[in-house]
Structure formats: C-alpha cells, structure tokens
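For the protein sequence lines, the chains are C, F and B, in the order given. Its first residue numbered 3, the first sequence is counted upward by one per residue in the working numbering. Its first residue numbered 355, the second sequence is counted upward by one per residue in the working numbering. Its first residue numbered 163, the third sequence is counted upward by one per residue in the working numbering.
Please keep in mind that the hints were generated in silico from the structure rather than gathered at the bench. Any given hint could be a false lead.
[Claimed, not checked] Simulated DEER-style distance windows between Cβ atoms:
| id | chain 1 | residue 1 | chain 2 | residue 2 | range |
| --- | --- | --- | --- | --- | --- |
| 1 | F | Cys576 | B | Asn374 | 48 to 56 Å |
| 2 | C | Glu275 | B | His339 | 37 to 45 Å |
| 3 | B | Pro274 | C | Ala22 | 49 to 57 Å |
| 4 | F | Met650 | C | Pro283 | 33 to 41 Å |
| 5 | C | Asp113 | F | Gln655 | 51 to 59 Å |
[To be verified] Below, a list of computed lysine-lysine pairs in the DSSO-like style, where the Cα atoms sit at most 27 Å apart:
| id | chain 1 | residue 1 | chain 2 | residue 2 |
| --- | --- | --- | --- | --- |
| 6 | B | Lys430 | C | Lys286 |
| 7 | B | Lys204 | C | Lys112 |
| 8 | F | Lys493 | C | Lys189 |
| 9 | C | Lys274 | B | Lys387 |
| 10 | C | Lys138 | F | Lys486 |
| 11 | C | Lys30 | F | Lys493 |
| 12 | B | Lys308 | B | Lys281 |
| 13 | F | Lys595 | C | Lys75 |
| 14 | C | Lys259 | B | Lys309 |
| 15 | C | Lys75 | B | Lys223 |
| 16 | C | Lys286 | F | Lys383 |
| 17 | F | Lys595 | C | Lys87 |
| 18 | B | Lys387 | C | Lys259 |
| 19 | B | Lys409 | C | Lys306 |
| 20 | C | Lys112 | B | Lys430 |
| 21 | C | Lys214 | C | Lys138 |
| 22 | C | Lys72 | B | Lys223 |
| 23 | F | Lys493 | C | Lys138 |
| 24 | F | Lys595 | C | Lys72 |
| 25 | C | Lys259 | B | Lys430 |
| 26 | B | Lys281 | B | Lys309 |
| 27 | F | Lys383 | C | Lys138 |
| 28 | C | Lys214 | B | Lys409 |
| 29 | F | Lys495 | C | Lys138 |
| 30 | C | Lys89 | F | Lys595 |
| 31 | C | Lys214 | B | Lys430 |
| 32 | B | Lys208 | C | Lys112 |
| 33 | C | Lys30 | F | Lys468 |
| 34 | C | Lys274 | B | Lys409 |
| 35 | B | Lys409 | C | Lys112 |
Glycine included, C-beta positions come from ideal geometry on N, C-alpha and C.
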Amino acid sequence: MNYILTRNDIPKVLEKWSEAYQVIAPQKYSNFSAFLPYEGKAEQLCLEYPHNTRYPPKALFLPQSEELLKYTKDGQASEPGLDTKPKLIFGMHACDTRAMTLLDTVFDAKDYQDPFWKARREATAIITLGCDEPCKTCFCTTVEGSPFNRQGADIIMTNIGEAFHLEALTPKGEKLCKGLPLATKAKDRKVAKLQEQATISMPKAFETEGLKATLDANFDNNYWEEVQRSCLGCGVCTFLCPTCFCFDIADEAARSKRYRNWDTCMFSVYSKEASGHNPRPSRKERTRQRLMHKYSYWVDQIGKIGCTGCGRCVRYCPVGLDIRAMLREAGTLPVEVTHA
Amino acid sequence: MTDLETKLKAEAKRLLDEHLVDVFIGFRKENAPLHPQPAFFTQSDQLDDFVYNNLCQNNLAKFLTRYPRETRIGMIVRGCENRSVNHLIVERQHPRENIVLIGVPCTGIYDWRKITQRCGEEISSVEITSEKILVTTPKSKFEFEPKELLHVSCARCSQPNPINADLVIGDPVEAKDPARAKRQVETFSGMASKARYEWFTHEAERCIRCYACREACPMCYCAECFVDHGAPRWTESMVSKAGMQTWHIIRAFHQTGRCVDCGACERACPMDIRMTYLTEKLNTDMEIEYQFVCGMDDKTQPPFAAFTMDDKTRFVA
Amino acid sequence: MPDKQTSPYTPIPMHLLRSYPESVDGLLRSVELSFDNPADCKAFYKGYNPGQFCQISIFGKGESAIGIANASWEGDFVRFTVQRMGVVTSALHQMQVSEPLGMRGPLGNGFPLDEWKGKNLIFIGGGSAFSTLYATVKHISGSHLKKDFGRISIIYGTRTSGHVLYKESLKRWHENHEIDLFQTIDNPEPNWPYLVGFVPDTVRAISPNPKNAVAVVCGPPIMTKFTLPILEDLGFKPDAIYTSLEKRMKCGIGKCGRCNIGPKYVCKDGPVFSLAELHTLPNEL
Chain C
3 MNYILTRNDI PKVLEKWSEA YQVIAPQKYS NFSAFLPYEG KAEQLCLEYP HNTRYPPKAL
63 FLPQSEELLK YTKDGQASEP GLDTKPKLIF GMHACDTRAM TLLDTVFDAK DYQDPFWKAR
123 REATAIITLG CDEPCKTCFC TTVEGSPFNR QGADIIMTNI GEAFHLEALT PKGEKLCKGL
183 PLATKAKDRK VAKLQEQATI SMPKAFETEG LKATLDANFD NNYWEEVQRS CLGCGVCTFL
243 CPTCFCFDIA DEAARSKRYR NWDTCMFSVY SKEASGHNPR PSRKERTRQR LMHKYSYWVD
303 QIGKIGCTGC GRCVRYCPVG LDIRAMLREA GTLPVEVTHA
Chain F
355 MTDLETKLKA EAKRLLDEHL VDVFIGFRKE NAPLHPQPAF FTQSDQLDDF VYNNLCQNNL
415 AKFLTRYPRE TRIGMIVRGC ENRSVNHLIV ERQHPRENIV LIGVPCTGIY DWRKITQRCG
475 EEISSVEITS EKILVTTPKS KFEFEPKELL HVSCARCSQP NPINADLVIG DPVEAKDPAR
535 AKRQVETFSG MASKARYEWF THEAERCIRC YACREACPMC YCAECFVDHG APRWTESMVS
595 KAGMQTWHII RAFHQTGRCV DCGACERACP MDIRMTYLTE KLNTDMEIEY QFVCGMDDKT
655 QPPFAAFTMD DKTRFVA
Chain B
163 MPDKQTSPYT PIPMHLLRSY PESVDGLLRS VELSFDNPAD CKAFYKGYNP GQFCQISIFG
223 KGESAIGIAN ASWEGDFVRF TVQRMGVVTS ALHQMQVSEP LGMRGPLGNG FPLDEWKGKN
283 LIFIGGGSAF STLYATVKHI SGSHLKKDFG RISIIYGTRT SGHVLYKESL KRWHENHEID
343 LFQTIDNPEP NWPYLVGFVP DTVRAISPNP KNAVAVVCGP PIMTKFTLPI LEDLGFKPDA
403 IYTSLEKRMK CGIGKCGRCN IGPKYVCKDG PVFSLAELHT LPNEL
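Work the whole structure out from these sequences, hints included.
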C-alpha cells in the first residue's frame, strides 16, 4: 500500500522508528554527506541533495575494516559476535540498494555464506529514496537499473515536494508504514508519472548490447594500454563503488585479531604473489581487470552487470577518468574471432 | 580556446611534429565537469582535445617517473610542477636532457571542492574568464572571483613562475603571498599541542586509505610503499585511528624536503582531508634549519639525502 | 572457550605434529598437522579430494595457501610441503612440534578423479608443486581406488638430488611394478641412477602414450609453459591435459575477489583446470 510522510512529520516518525531500529540516514558530514546514525537532528538530513553520499553505504553491511576472529597465544580462536542489531536505512538511493542485492550473490552464495554480511542484511530494513532529478553523472538506466528501481527495498520513497510518497514493498515495509496516512489515488498517479519521467530523462551512457562480447574479444587489445595512461592506480573508484567487494585479510598482532579490510584490484600488490610474480604487473592489466570484472565476468557469474551506475567513480576520480567514456570507446573495438 | 591554450598547443604540435619529444604531457577536455584529464600526446593530430586552464588540478610531474629514462618527455609545468621536476632530476628519476619543459606562470588552481561546496555536486558547466568563473548547475548559476576558488596551496604560493623551463609562455605572475604571511602552518604551529592533535585527528579520521594522495604526488614513486610492507609491518591496514594517523604522519615525513606544496594530494582526496598543513610545517622547518627549499634547481641534494663533512649532526647517532 | 564456528574464515584448531626438512637447503619442509577435535578430522576427510589445498593459519602472521600432500588413509593428520617464502611460511618453518595453529579446508576442486576412471594417469611434476601429485598417487595406489584407473606414470624433476621430496615413498615406487616412476635432475651428479635433463625434455624423451590417458602437469610456471606444447605434440588433447594453478589468495572461498582469472576463481573453481578450460579464460597467469 502507499502512504504519505509529510516533511513536518519526519522527525516524529523517525523517532518512532528509532524505538525498534537504529535509524541510519544520509546527513551532513564534513563538506558533503554520509550515512550516519540519526540522532534526532532532522536539520542534518540530506534528502534534497540531487546526488549521493561519497562514501558508499555498502560499508553498513561490509565495514571497511571488520574483525573476523581473535586469537590467544595458545592458538584458541574465537569469532566475534554477529551484528544483529535491527537497523533501518532511511534514504538510500536505488543504485545503492540494488548494489546490495548484487553483493548478496557473492556473500550469500550456495557454497559458502558469509555470516557477518548475512546477519547485517537480515537485521536491516531499507527505505529507498528514488531520484526524481537524476544527476548527469549517474547512469543507472544504462546498467539494468533505474532511479526508482525496487530491488532490495522494503519501501520506495518519492519526493513530491511538501511530502514523501511511500510505497511499501514488503511486510517489513508495511509494518513501518503503520499509522501513516494513506496516499490518494491522485498522488499515486502523480508519483507514477514522476518516476517515469525521471527514468526516461536519463540518456544512455554507453551501449551494453554486445559489450561483453566485445570486451572478451579484445582482452589483448592495445586499447588497455591507452585507456590507463592517466590512471593513478589509487583506490578511489573501487572504494567509493557500491558493488566493489574485494577485501584483504590481515593479522594485527598488536590486537591479537584477524581483520578484513577493503582492498582494490587497482593497487599493484593486490595480486602480487610471494614469489614476486605479479599476473597484473602494470596499470594496463589492472585497469582491464576492473572494467572486465564489472562488465564481463559478473555477467558470466550471475548474468548481470556488476555496476549500478551510481556515478561516484565518475565524480571523484582524481584525474577525471570517466568509465562511461572508457566503455563507449571499448564498444567500438572490433570483434574478431581470435584463436582461443 | 584561450590565447594561452593556443600557444601551448602550437608548441606541443611543434615538439611532436619535429620529433623533439616522444611524448608531450598536458591536459585534455574533461568528461565529467571540473576534472580535465592529464593527457599524453604522441602525435600532433591527437591535440584536438587539448585544454589548459585553472581547473587542470593534477601535478603533471607525477607522470615523469612512469617513463624509462630514455624517453624524451615534453611537459607543461607551472611553478610547483617545475620544482617537482627539478627535484625528481635531483633524485635521478629522469635525466634533464630528456625533458623539455614548457613553463606557464601560474595564476592558481581552482579547487573543485570549493565549487561543489558552494554549488552542490551536480555541475553542468564551468566558464573561466580572466576576471571571474561562472558555474552553472541544473537549478542555478554562480559567479566567483578567482581568489575565492584558489586552492589553499595556491593562495599562499610563493613560486608561481617556472624556474628553469626551456620556454615560458605567458607573462610572469606575482607571487600571491611573497612574505608567506598567511601560512596555514603558522596557525597550526601556534596552536597548543592538544589542539593540534585534535585538528590532526579530525582530519585523519575521514581517511579511507584509498591512497589517492600518495598516487597524485610526484614524489611518491616507491615501488613498494611502506604501508604494503609485511615484514616489518609499519602500520595497521585498518581504518583505525592508529592506522590512519600513522599513514598520514609517515607520508608527511617522507615528503620532508621533497614536497613543493602543490596541493595535488588534497585535491585528489575524495574525503576532503587537509594534508598540506603537515608538509608545509616540515618544509618550513627545512627552510629554517637547513636553508633548503625543494626544487629551486635540479642539482642541490636535500639535507636528509646527502652527507657533507660540515653537516650538523645533532640527531644522527 | 571457543564459540561454535559459524564463519568460513575461522580456522580448524590444529597442532604441529611433525616437522622435517625435505630439501638439503632447508627451503622445503614438510609439516604434519594434527586435529584438536576428532570430529573435525572426520569432516575434513569426508570432503577431501586430492589436488585440494588448505589455508594454513598462523595467528599473528597470517595465512598461506598450500596443497595437501597426503592421502586420506595415511592417518589423522594433514601433511603440507612448504617452501619458505615470506612471513607465514618462515614462521611455519620455525614452529616447534606441539605448537598450535589453524587450518581452513579442504578448499578448491581437486583433481576430477571420477572423470579419469579407467584411464592411464601421467603425473608430471617439478619442484615443490609435486606435493599434490604425490598425494594423488598415494590416494589412488595405496587404496582400493587403484583398480579404477589404468597405469600410473610419474615424471618428477628437481633441480638437484638434494631437492627431491618424499624420498622414502619414491624408493618404494621405484620398486612397485604398477607404477612407472621417472626421476630427473637438472645437471649430472655422481651416483645419480636416474635421468638428467629438464622436465619438458624428459617428457619428450619418454614420450608417454596419449591413448586413453590423462596428463597432469604441476610445476613452476616455466616448466608448465614448456611442457604443455610437448604434450600437445605427442597427441594429448587439451581436455586430457590438466594443471594446478597458483595465485595470491586470502579468503580461499571465492569472496575476496583477488585470485580470479576471468570469471573463474582459482581458489573455488580451481586450482585444477584442464587446458581446454584454460583456453576459454583470459591469459592472466
């Protein structure tokens, strides 16, 4: 069912929700915004920004640094407790929400399940805030998403000016909306039109039809040498990306704990072996890995592109590299039948 | 195209057409607003996208260490970049005879973070004239004077003119802060130590260990950075207080006497962390204690890298 | 008191049972680990397939992915032959018997023994990579499984006689009429009774018959690089040639992302791949 949440009601509704959940919402942080625990200061909420937080909310499910186990001197290892505290994310964009469903296929796979990820996912309800004015640097519609995509959301929220329109999508969502005034059919129609307009307003950033085949056929093309020339090999694109999940595991002897930390295929030591051999010795191989992983290997593995078009890598790359331009150019490469 | 861009492009074309360089490093038109991209031209017909303006925020000297010593590199350098190149030559990273420097007296880099702070992060276009900068967003228009947007390193820059470029295009620019009167470091040094540590902690706690600062810096070219060492292990990899603070402090110390205060590190940081106050403090100490300013020529060794018989040895065991 | 293990990142508690040098220069050492809990041992061998590996865990140092070097019938322990390379392997070399450590496994796919039933098996190994081939031969020839397979041939090359692993087992295999064992070293040595020459040249000289046979190549990348074309020349088809790959690994279960070749993870979809399968993957060895 559909409900209305007026701007005036937001503080009291968030307070009510805070009784059962820790509410996390995008709020002012430094010179921009970040997902932070809501502490009753409604004026800190950033629901109007036309763009996203810089640091991605995947950190709420896969913390950048996370304890895997602690150990004693006589080799007894014990696992940390799982984070089962109920949380409610209020205002995550559709690209980020959908990204979590993609990461579910990695961390909640048939063969091995990651208990830390699973516990947080099961304990967290998500109210997705759709984008009524998608940014120019976003491209969710190009990669099988949309500004009002419903995948992974318990409620989808649309900004209608004086209020937000809430569409409950799951039983959890319905429960959250209990007590809110119902939306009228007129409002429903207005919202449907708004959502449609926002979606069709987004131009296609690059052609995805045949893209995987072109990338696969051009693994050895000199294009990869050219495209990486200005790349610094830092971790900004991968760390800010909501679908990147690679991590390193390190023992912190001073803490007697084993941690996992976000890692990136863009760093040179990422795949460097103990013998010194590095299968990806230069930025050429590493940049190729990043693009191929997202737009080819993910497709092999789950049939979906491993990118939700949030645009963070485009906005914050220190040298202005734009993945959309890189893929547009890659898409023009010849597809020759190469000897396997 | 501005007059400067036209002249720079012509010089690039000449150097490439006459095979005087193997690669010419400059900038090309941005894809996403606010970020013109470093560009590596090997033929003059690639110069269609060439741009050069105050939004060109990367220190191009970074790319010098990517090429083998035999590569003849042409590069556009502003004051700080010239000094970075000089110091890289001192550190034997590339021979001077294989570098052609096209100098540009610098009016300062506009800090893209100042623009997004004031205008929001959805920028449609930026128009730069000599008097003002016009920023257009989907909903609004903003007008800035250059001094409002200068990156903090540029606002206090004392070496805007290239020092020993082979050719200089443009008229010399007056240093913004010749008396170094407004240095951030003086504010920082003037604080009580507890307040200084709080400032440092406040900045470092936003760090996400992406190492964009390290990668943007021309002086960070180590094949293996200390953070990647396993044995001995110098610092935690985590986003813990200890890990992040150690990272920032040790990187700053590794820059002592090598940093030209270009500010590329800060501009690369996606979390808007301030860092130049640390390197400025260390550089000022070098100046006061050792009368050394990095990059003023391409011959003088920095005090910590060289040894002479009349060295002060107060702290060397 | 350890919590019930729910996490695939938590190692099985083990202790160091035995540790002995394998090579004269001390770089190669075999370690045998015992299980703290018998139930863990039972579960381990229930799922074990030779060719698999474990992440050996030394708390405070880290983990290292090493191939399992024993057959399930050998006892309630797990053997690994470890080359001293970095932080973890150095610590493992220096460990004293009865010290605690951890182990996660068995991981990976191991050799597809079911697909090899009825075939002659040609194992070609070099250096320390011989360990999983050794485990496989023991697994088959020392158990009822040997009737399921044809003739077993082994070509094993080492730099010198001092680098030969598992000397006692190899002595027995030389005397075993059901196994054809060819050993070779790089350069001649006095009193060396076997072959001299690099492994690829030795394979060419011995010229194994590809008919109804499978060749398994496990060695340093350079050995594999030169051996594969020789096998193809001899008539082995790509789907009858297998190899075991190595990559930098961390999680070992296909979650941390780093050991991929194209869409396949060496830890989970490998480390054993047929040459036919490798041909479908990008060249990123």
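Which constraints among the numbered hints does this structure fail? Numbers only, ascending. 14 and 18
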